[in-house]
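**Student:** What follows is each chain in one-letter form.
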Amino acid sequence: MTPDRHEIASALRLADPALSRFDPLPRIIAFDDFDRGFCGWTQLVGNYEDTLDAMHPGYAQHTQAMLSTLPMWDFGSHGGIDGSYALKIATRPQAGARNVAIKRLTFRRRGPIRLEFYFTFKPEANELSLSETDVRSVGFLYDLQTGDRDGDAWRIMPHLRFLNALNGEHVQKWQFKRRTEPFAPVGSANKTVTHYHLAPEGWEDIAGGGQKLCYNEIPTKVNWHYCRFDFDLATMQATGLACNDRELDLGGFDSMRIPAMRNLWCMLNLAFFVETDVDKRASLFIDSVCLSGDF
Amino acid sequence: MLRESQAAVVARNEEWRGASATEPYEAGWASEAIVFVRALKDAVGAPGRARVELSPDGMHWVAEGTEFPLPVRAGEVTFARVSHFGTWLRIAADLPEGAALTVLVTWHLKA
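Same order as they appear, the protein sequences are chains A and B. With the working numbering as the guide, the letters of the first sequence map in order to residues 1 to 295. With the working numbering as the guide, the letters of the second sequence map in order to residues 1 to 111.
If you're looking for bench data, these hints aren't it; they were derived computationally from the structure. Every clue listed holds true.
Partial list, computed: chain A residues near chain B (C-beta under 7 angstroms):
#1 Leu52
#2 Thr63
#3 Gln64
#4 Met66
#5 Leu67
#6 Ser68
#7 Pro71
#8 Trp73
#9 Asn126
Below 20 angstroms or equal to it, Euclidean Cα-Cα: the simulated DMTMM-like pairs (lysine to aspartate or glutamate) are:
#10 B/Lys110 - A/Asp33
#11 B/Lys41 - A/Asp53
#12 B/Lys41 - A/Asp50
#13 A/Lys173 - A/Asp230
#14 B/Lys41 - A/Glu49
#15 A/Lys221 - B/Asp57
#16 A/Lys103 - B/Glu4
Label pairs and their in silico Cβ distance ranges:
#17 A/Asp232 - B/His84: 45 to 55 angstroms
#18 B/Ala46 - A/Pro57: 21 to 31 angstroms
#19 B/Ala46 - A/Thr51: 22 to 32 angstroms
#20 A/Thr51 - B/Ser5: 25 to 35 angstroms
#21 B/Ala7 - A/Ser77: 16 to 26 angstroms
#22 A/Asp23 - B/His60: 39 to 49 angstroms
#23 B/Phe79 - A/Ala234: 46 to 56 angstroms
#24 A/Leu264 - B/His60: 36 to 46 angstroms
#25 B/Thr66 - A/Ser77: 24 to 34 angstroms
#26 B/Ala100 - A/Leu14: 57 to 67 angstroms
Model, not experiment: these values are computed from the prediction. Where a beta carbon is used, it is the ideal one built from N, C-alpha and C, also for glycine.
Could you put together the complete structure from these sequences and hints?
**Tutor:** As structure tokens, then:
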């Protein structure tokens, strides 16, 4: 009996220690192991024209991601899941500050895609305290647009975050955001606009989305978490969210939906972000990311 | 294997006054770095010099010994070279009272 090609692919992936911790769809679009460099993850810079003063302050605060060994003052480098390096996204040390790293692609076919990644987060360990409520949230988003000849012409932006803490309260729940923010023109040529889709208002709870993640007992010890998000580019609907041992209910989930823009056809951007709840830097670490599709 | 390299903008359109510094940048993978400072606007007064700083943990900083002049005119670029710096890098400056400079700071790092 001739084995099915998908069975062969699955067996080969299970035999590969790097891929075996993922459950990818048949086609791997990107597999980013940060021991091979930044893998196309870069700073989300805001739009501007004529002058950088035109950039929305929410974007102006962003800085470039780092390749990190998770070095800690009290014992040294923590390291990644395997190898030495992870992608590190760090905020500035002001309550409410945020930073974002983005990878910019386009899609070949509108069908199911799956984002899987391992992550952890910690505040800057500048106090001898647990600091478990210092990181406000970590999250991710897609920025998608339909093809230029598709019957539906939409820009779709699913946003998800794990709200760890808010104003000192240890909240620990998953949220989504569908509320769009107003667009504002940038510059004088009428070619560029900006909208601050990561504005802190408008987040909604995912039903049953409370989840206590392993945090560990001092601010320098980390444990890695698994996350999976399934999305169908054909229907532009989310189809699944899982974190560690939990499958979350996306029954009430929706994405931001904006009329298509004239220059973003087939866009497939994915981004990770982190927010701090206190005047202390918060960091999100990723090691590694697997984006796959059914095509 | 090509050598890893990275350009990292760590301060963009920030106005520096008084004691100023870039956000910590972790680059233990890199063995050499150049930091560029571009003035985005004409400086107010004389901004003086910047210094490279190292850190064991990204929180406690010490001067590396390299100093360089901050740019003065809009578009002017100054830079410094650094090697053998460990993991953490930043630049810092103490601008004289009344002086101000709007900076674009970029690290160029290479394995």
